[in-house]
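Peer 1: The primary structure of each chain is shown beneath.
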Amino acid sequence: MATLTDEQVDFIARVIRHHGIRLQDLQDNLLDHICILVEQGLDQGGSFEEVLAKVFRSCYRKELYELEEEALFLSSVKGPRLVLSRGKFFRLVFGVLLAPYVLYFLLALLHWLPVAYDIAPMVIFRWTLVGCLWPLLSLAVIYFTPERLDPLIPRHSKVLLGGGSLIRVFRFEASLV
Amino acid sequence: MVYSTELLKGTLKTIVLKLLADNKKMYGYEITQKVKEITGDKIQITEGALYPTLHALEADKLVTTEVEYIGKRVRKYYSLSAAGKVRTKEKINELTSFIQTMTLLLELKPKSI
Chain W
1 MATLTDEQVD
11 FIARVIRHHG
21 IRLQDLQDNL
31 LDHICILVEQ
41 GLDQGGSFEE
51 VLAKVFRSCY
61 RKELYELEEE
71 ALFLSSVKGP
81 RLVLSRGKFF
91 RLVFGVLLAP
101 YVLYFLLALL
111 HWLPVAYDIA
121 PMVIFRWTLV
131 GCLWPLLSLA
141 VIYFTPERLD
151 PLIPRHSKVL
161 LGGGSLIRVF
171 RFEASLV
Chain B
1001 MVYSTELLKG
1011 TLKTIVLKLL
1021 ADNKKMYGYE
1031 ITQKVKEITG
1041 DKIQITEGAL
1051 YPTLHALEAD
1061 KLVTTEVEYI
1071 GKRVRKYYSL
1081 SAAGKVRTKE
1091 KINELTSFIQ
1101 TMTLLLELKP
1111 KSI
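Chains as they are written, first to last, in the numbering used here: chain W, 1 to 177; chain B, 1001 to 1113.
Chain W extracted, bound-state conformation (with noise of 0.2 Å):
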């Protein structure tokens, strides 16, 4: 059986990690598996390069780092709970974030409020939900709502959503000053 040099095996090593795997556990059992698949094929005729790349692309179905993603994800998945669905992430932040500055919006728009409340929740609204709140609803929504659950929407973009009716709202407040 053919056997690969330590040169051979470093140069697969270092295209697993130029292929986006960081872990070292599955750095070693990919090299491990694709060395041996790379014996095998070299038993049965072709060069250590052909054999390389038909073993490397039988590897993954779009790219090598899918794996690590995969691994990432089982690993992080304890059980149900820790996964939040896009829909329920939002049900709780609005109800526990969002839902009194609706509620303030809406008596301000009844005119029910005193005039002293006018000012001070607007300013609030203003630098403290849309500077700060928002960016950090939206890293959590990234981090909560795993691409697994939402294939449809690049996860990078998810920084985007609501978007939307923040705009909405904020033209509304401004309209009110």
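For the record, the hints were derived by calculation from the structure and aren't laboratory data. Errors might be hidden in some of the hints.
[What the hints assert, rightly or not] Here are the simulated lysine-lysine pairs, DSSO-like style, with alpha carbons at most 27 Å apart:
no., chain 1, residue 1, chain 2, residue 2
1, W, Lys54, B, Lys1061
2, B, Lys1076, W, Lys54
3, B, Lys1072, B, Lys1042
4, B, Lys1024, B, Lys1013
5, B, Lys1042, W, Lys62
6, B, Lys1025, B, Lys1013
7, B, Lys1091, W, Lys54
8, W, Lys62, B, Lys1009
9, B, Lys1036, W, Lys62
10, B, Lys1025, B, Lys1076
11, B, Lys1042, W, Lys54
12, B, Lys1009, W, Lys88
13, B, Lys1076, W, Lys62
14, B, Lys1025, W, Lys62
15, B, Lys1042, B, Lys1091
16, B, Lys1036, B, Lys1024
17, W, Lys54, B, Lys1034
Add chain B to chain W, keeping to what the hints say.
Peer 2: Using the frame of chain W, we list chain B on its own:
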């Protein structure tokens, strides 16, 4: 007939745990070959499915590992931890019950008839 990936996805952990229970310690390639051998090539576990699963089992402390150096490469052997042995029984019971339920469901008639 080779079964679809979707069909296998929910059972992969159970398959790996059961193999480790029966074979004490195994490395990745060995697991893929054993599954092919036992199932007559009907189930072929890919690298893309196996290694993320092994990583998750290790993160959950259901397996322990030991390494063997083969020249410049490392071969990682997996074996069941104490928690893994308990979990294996649970997973097998769960899957057995699921298969019975599916059989019942696909026959489309009540068990008593």
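Peer 1: Decide, hint by hint, whether the structure agrees.
Peer 2: For each hint, the structure was consulted:
Restraint check for Lys54 of chain W and Lys1061 of chain B: not satisfied, since their Cα atoms lie roughly 34 Å apart, outside the 27 Å limit. A C-alpha spacing of about 24 Å is found between Lys1076 of chain B and Lys54 of chain W, which places the hinted pair at or below 27 Å, so the restraint holds. Pair hint Lys1072 of chain B plus Lys1042 of chain B does not hold up; C-alpha atoms about 34 Å apart against a cutoff of 27 Å. Of the pairs offered as hints, the one joining Lys1024 of chain B and Lys1013 of chain B holds, with about 16 Å between alpha carbons and a cut-off of 27 Å not exceeded.
At roughly 24 Å between alpha-carbon atoms, Lys1042 of chain B and Lys62 of chain W fall within 27 Å of each other, so this suggested pair holds. The hinted pair formed by Lys1025 of chain B and Lys1013 of chain B meets the criterion: a straight-line CA distance of about 15 Å does not exceed 27 Å. Among the hinted pairs, Lys1091 of chain B with Lys54 of chain W is inconsistent with the structure: their alpha-carbon atoms are about 36 Å apart, more than 27 Å. Distance restraint check for Lys62 of chain W and Lys1009 of chain B: the Cα-Cα separation of roughly 18 Å lies within the 27 Å cut-off, and the hinted pair is therefore satisfied.
Of the pairs offered as hints, the one joining Lys1036 of chain B and Lys62 of chain W holds, with about 24 Å between alpha carbons and a cut-off of 27 Å not exceeded. For the suggested pair Lys1025 of chain B and Lys1076 of chain B, the alpha carbons sit about 10 Å apart, so the restraint of at most 27 Å is met. Of the supplied pair hints, the one linking Lys1042 of chain B and Lys54 of chain W holds, its CA atoms being roughly 22 Å apart against a limit of 27 Å. For a cut-off of 27 Å, the pair hint linking Lys1009 of chain B to Lys88 of chain W stands: about 25 Å separates their Cα positions.
Among the hinted pairs, Lys1076 of chain B with Lys62 of chain W is consistent with the structure: their alpha-carbon atoms are about 26 Å apart, no more than 27 Å. About 31 Å separates the Cα atoms of Lys1025 of chain B and Lys62 of chain W, which puts this hinted pair outside 27 Å; it is violated. A distance of roughly 21 Å separates the Cα atoms of Lys1042 of chain B and Lys1091 of chain B; the hinted pair therefore holds under the 27 Å criterion. For the suggested pair Lys1036 of chain B and Lys1024 of chain B, the alpha carbons sit about 18 Å apart, so the restraint of at most 27 Å is met.
Straight-line distance between C-alpha atoms of Lys54 of chain W and Lys1034 of chain B comes to about 23 Å, which keeps the hinted pair within the 27 Å bound.
Figure legend: structure checked against the earlier numbered hints; hints not met, in rising order: 1, 3, 7 and 14.
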